[in-house]
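Student: One line per chain: the protein sequences are A and B, in this order.
Note that the working numbering gives residue 148 to position 148 of the first sequence, counting from 1, and the numbers run on in steps of one.
Note that the working numbering gives residue 1416 to position 416 of the second sequence, counting from 1, and the numbers run on in steps of one.
Because the hints were derived from the structure by calculation, they are not lab data.
Check the hints yourself; a few may be wrong.
To be verified - With a cut-off of at most 30 angstroms between alpha-carbon atoms, the simulated BS3-like pairs for lysine-lysine come out as follows:
| no. | chain 1 | residue 1 | chain 2 | residue 2 |
| --- | --- | --- | --- | --- |
| 1 | A | K163 | B | K1350 |
| 2 | B | K1148 | B | K1099 |
| 3 | B | K1358 | A | K163 |
| 4 | A | K363 | A | K426 |
| 5 | B | K1357 | A | K163 |
| 6 | B | K1357 | A | K109 |
| 7 | B | K1427 | A | K109 |
Unchecked claim - Quick look at which bits of chain A chain B covers, simulated, 3 or more residues with Cβ under 8 angstroms:
| no. | region |
| --- | --- |
| 8 | 126 to 140 |
| 9 | 151 to 162 |
| 10 | 461 to 471 |
The model shown is predicted, which means the values in this text are computed figures rather than measured ones.
Ideal Cβ positions, reconstructed from N, Cα and C, are used throughout, including at glycine.
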Amino acid sequence: MDFGYPVLTTLIAFPLVAACGLFFLRSPQVVRYYTMAASIIECLLAIPLTGFTMNAEFQFVEKIDWVHKWGLQYYLGIDGISILMVLLTIVVLPLCVMCSWTYIGKREKEFHFCLLIMTSAVLGVFCALDLVLFYVFWEAMLIPMYLLIAVWGGDDRRYASLKFFLYTLAGSTLLLAAIVAFRITGGTFSIPELMQMNFSFRFQFWTFLAMALAFAIKVPMFPFHTWLPAAHVQAPAAGSVILAAVLLKMGTYGFLRFCLPLAPAASEYFAPMMIAISIVSILYGGAIALGQSDIKKLVAYSSVAHMGFVTLGIFLFNMQGAQGALLQMLNHGIVTGALFMLIGAVYERSHSREITDNLGLGKYLPAFMFFWGFMAMASFGFPGTNGFVGEMLVLTGAFKSSVIIGFCCIPGALLAAAYMFRVSLKMAWGRPSSAKTWRDLNAREWIMLTIPAVFVLWIGLAPAPFYKIIDPSIEKLLNDFDKRKVASIEVEQPLQTAAADVLNVIAGKK
Amino acid sequence: MNFHITTLVPELFFFCLVLVLMIQSLGSREWQPPVEKWLPFGAGLAFFVAITGFALQGTMFWGVYKVDMMSQFFKIAIAFGFYVTVLNTSRQPTLEDGKRADYYMLLGFSTFGLMLLSSAVELITIYLALELASYSMYAVIPLRAKSKGAAEAGVKYVLFGAVSTALALYGLSYIMASQHTTHIAELMNKSWSFADQPMAVVGLTLFLTGMFFKLALFPFHFWCPDVYQGASNETAAFVATMPKMGAIVVLCRLAVLLKPGLEITTIIAILGALSMTFGNLSALAQTDLKRLLGFSSVAHAGYIMVGLVSGTPEGVSAAAFYGLAYLLMNLLLFWIVSRIAVDGRNLHLKDLNGLYKKAPVLAFSLAIGAFALVGLPPTMGFMGKFFLITSAWDHGYNWLVITLVLNSAIAIYYYLGLFRHAFTEEKAPADVPAPDTSWFASAGAGMLAAAVLLIGIIPAPLFNFAMTAGESLYGIVSGGGH
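Model the full assembly from the supplied sequences, consistent with the hints where possible.
Tutor: This is the structure in structure tokens:
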């Protein structure tokens, strides 16, 4: 649908422009109100996205030559897969501003600057339809996130931020190599055009590995997950929220947008490995979460498990799996984002993230405990909440694919219930060492927690509108996948020739 | 001899500028007006003249001197570099007052030599221009008052320079003996395979050492970190950027001889790979900022080789574009170094601590410069690296591209260190003078940073220029061929 103006560019550019405006402000309070206003305007600017038509085509497309001689384009567009991520990013921004309202006590201007810049970059990632443009946004988000952890983080922030930066950047350099390889072989950087092409299996084999590494680090999948708990624990509340809610989704989005459509045969070839890693992530994340005494670390490890469900859903290659994966991406963003906001709120009061320092909150902070309980239930997939819908779909898809895979996931779901119950029980009914004088949630916190709560119930009770948005795109994705994986498979034994391939790549032969 | 004076206007203007400097340096030491008062305008005008001459074309002096798109691209870059260097040097604290005019005169002569170098298309002319560009550098580097390190740096530069030019001359004689010509245009049609012309291949390799020395490519880089460290910050800014532009333009011209798969191409590719790896690994251990930048330029010299080995116009233009990116990024970083070290001392990483508070504009610009050197988008450094690897992929040197990509990952660590110290460390060392936060310092840094960022976001105009220049070398567009 044409709105006569570039909706996506406006959405991407507005936070950037608003961020520049921050330079002219002085008082920290004004900075907060200003950023809040900017984030609400950003939400309003997203209203034209309601004109999204429920089909699998790329919509709101914008295309301008960028470097003509090199075939680069400024090419934006969204489909059913990306629109949810775009909306999630936009909704998370005001929540981040709200949850750092009193938490950030130094360099407020720079903090909000980073938040806004990061929103721009993440929106760009979800909208880009040119490989290089995608990469530009993908990398651009690193610096503000690094700063969020390194400047406003906890005591060990330097280590955590460096680890985050090095891990993700090292992974994405290989993504760049894959992008260049696509351009040389396919002749274009345009993602929709590349989606129509059939590449040889060998080519797919290597590009899949390069891309998958970058995405697996971002998701993060076991064993590339070690940066995540460190980053989450050290990051300020808003940093954790944005990290959990949107940054991790960039990895799974990458799998859906690049690996499946561009390297279908290799995706199928590697699917058993990806599924195995996903299951390990689910079980490992859950088991480690169960043993944590730090609430934030617990939620961080639970993220590894939840994202394991998402990658599992993606690599099942069936409708339920993909639906569930996409829905879980959204759910995890909402629920874990809210959990990190809650942790931020409790940390502000107790100055500790240890479970033992935050006992008996049911008595002192009933409203807090209500939201915590609610989000914890959504997190482990209690019926009626969004987590149930998503996890259920992934599990259905898993059983449909193979009973063994399905059974392997069941302990993951149980573990989630176990660690969430454990921490919630202690926090609600544990006996604190002394009486607390903490004040319960204030109006700002009520607002910032009610918004995700509404989404939790909406998706949990009436997910139909969301299916309507995502189904056409997923159907097309899977149909194309089925058609093209057959077309591009060559009769050969790839692993036996892997060593020969390495030598060929080194020698420059295809 | 065909001679079109109009095509030489940028060079002639620059030559006049240098002559005026020379006259001033001959006169009394108190000659008014001081050179800093008028030279920035002169250098700015020279830059302007170089821009207006971008469309000039012509071959003269019996075909040894060629004004084409490639030479104009580099002349504009060199004139711009000189302009920024002059501005950067205008407040040099470690230069004795009486030597100012001489200092600028020597810088000017070196720059003039580099301008000639960008148009030279014949090996002996290249050699002469290279020497003109080098001699003044030998004199400039030790000019740092009361510093023993400066003298050492000067000696090192002279010795290494002498050896490499001697090797280059030796190589030149081999090429002449075996190929019977020194014109690149004619050399293009000769065989450069070791089996056919072993002597010529050895000769070209030796000749290239002269360029490699200027570019600080492994293993001709040993002078680089020491000279950066020993020379004053402002001189280092010049040495780190300008002679490299001269070397890059010659390498671009010689790259037309290199076809993928030839032995000499492979030698260059291997040197490139070693250079990036060695430079980056060594830089990891540095705490002296200029040494760090020195090793980083060793790595960058390796990156540029990636463009040269592909044997395509795309590769040459990518190398030219990256050369420009390198010039801008390094001028930016050295500008900041010079502004922070107002007393002319050598900076260490910890001197950057808390810079965001003391000089936010400098800190912000430093961040942009550092991330550009890493090759993070949306900076010019990313676009440059991207063009390089795209141009080299699938031309037989995929391993080199992969080496580059892996090296970028290594390099993150120390560039991030610059950023980390400036933005996240609070404890600044005591008893050091505050950085220069005047509007002049901020405006210079801000503009260079803006250029690095803007060209990264909108690279098309400059890249198209570089592309046309690259195509002109291969005779694809008008003014083609050597």
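Student: Looking at the structure, which of the earlier hints fail to hold?
Tutor: 10
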